[in-house]
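S.K.: Letter by letter, the chains look like this.
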Amino acid sequence: MQRALPLLSPLREASSDAKMAPAIRGDRLRGRGSFMISFADRGRLSWRRLTVAACVTLIAVTGVARASIYVTTQLVELTAAEKVSVAGPPAVQLITEFQTDGVTNAKATKYVTPIVTKEVAATGVFGTTSAEPSAKGGRLTVLINDITDKGAAKKGFAAGLTFGLAGVIAGDTYEVTTTYTPANGAPIQKAEHYRIIFKFGNKTLPPDVVKVKGITVAVNMMIHLTLSHALNAIAADPAYPAASGATVTQPTIAAAQPAPAAATTAP
Amino acid sequence: MKTGHALLLLAAALGGCAIPRMPAPQPSITVINRIDAARLPPLAVGNFTAAPGMSDAALGVRLSAVRPEGGSFAAYLGETLKAQLRATGKLDPAAPISIGGTLTENDVGAPIGQARGRLGAEFVVTRDGHELLRKRLHVERNWGSSYFGFVAIDKADRMYTALYADLVSALIDDADFRAAIAAAPGARSGSGTP
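Same order as they appear, the protein sequences are chains A and B. Per my numbering: the first sequence = residues 1 to 267. Per my numbering: the second sequence = residues 1001 to 1194.
FYI, nobody ran anything at the bench for these hints, they're computed from the structure. Quick caveat, the model's predicted, so the values are computed rather than measured.
Keeping only pairs whose Cα atoms sit at most 30 Å apart, straight-line, the calculated DSSO-like set for lysine-lysine is:
id : chain 1 : residue 1 : chain 2 : residue 2
1  : A       : 118       : B       : 1082
2  : B       : 1082      : A       : 190
3  : B       : 1082      : A       : 136
4  : A       : 150       : A       : 213
5  : B       : 1082      : A       : 110
Cβ-Cβ distance ranges computed for the label pairs, FRET-style:
id : chain 1 : residue 1 : chain 2 : residue 2 : range
6  : A       : 91        : B       : 1039      : 20 to 26 Å
7  : B       : 1111      : A       : 204       : 34 to 40 Å
8  : B       : 1018      : A       : 242       : 48 to 54 Å
9  : A       : 204       : B       : 1071      : 46 to 52 Å
Quick look at which bits of chain A chain B covers, simulated, 3 or more residues with Cβ under 8 Å:
id : stretch
10 : 100 to 109
11 : 119 to 133
Glycine residues also receive a C-beta, built at the ideal position from the N, C-alpha and C atoms.
Make the full structure from the sequences, and use the hints.
M.R.: As structure tokens, this is what we get:
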């Protein structure tokens, strides 16, 4: 659970960091620009008020820790008939980056990199992967952008404070952009979206969600489903066989589909 | 004394959150694409040190502190540059052109409301020990900072760490840097990977 911390949006941060709060020691009070120092300097607040404020905050934060986690079901597991079969997949350099609202999140990148590497290997669309440049195989980049729900921490705080009476639903949208840049040829890029939802208290959920065991499971599902779909789409791209040197067998479902109708032109 | 205890309790609630060290720098997709586009020759990365009086080991954020992997923010900047060059096949410790530098600005603050992080360095580009370029570059990020310490500290840590890739990106995009590299005797543009 703690390993997933870097991915957390404000609401999830509230739930996880609440467990870390008791570990705070006095030596941490050396920090500069401390809210506490400026707060105390005002000299208007009694210890009773401060204690009440602390207790209220702790109750609210602890309450948020009980949030349930759901994922949307728009993206489901590919069936065998939908999967592109690749023979002789190219070795590639694999670069993974996790962003939060478009800004690089170094700790989350470190967390997701081995998961992404494992998922890429599992698809069979690419052969061996390495962090170093691959002279013949090109480069595969996976950019996961976590678009957070603004104000989730405030909503979660209110929910915790009322012990769930003020229910709240918040969530993050994950935009996963996968780009294969062959050694020779134009890049092939596919994007997928996924949503992880947090519910606390009395609130009705949207119909297309399913509950999962925890944030780690949700994040793993997000990476697995978005990557398996994106990489399958890259393998299905008409440019992929020539760019990669691999032999591709198109899925039976795609092969059975009728050819797209010819474009019509306005009279 | 009672006030002190209350302050400590409130600190735990609002300002308390231990930050793991900044992880070892990883390649940024944006930066490596820029390095590819710049078609740079192989480069070595020299020493990066902190200017006198500069915070090089830890920066306070509310009741916590941001600390770099390896213990030095200046060295972390050098490692960030190495990570980007390595990912593009442009890092060569034996290359005649080398980039070093001094950390000249280093600050992050996350008070309630508006937070800010700043990072600056004087980069020195040399070829076989002869100075080709000496230039100061600076990057800055501003963001909204939560009342809740655990939210504000985590965001400050994230935004501050991102400044390192920003500064490397600023160097790669710098027209003087590009001109100095291009004018270096024997400098040949790389083919770009891939």
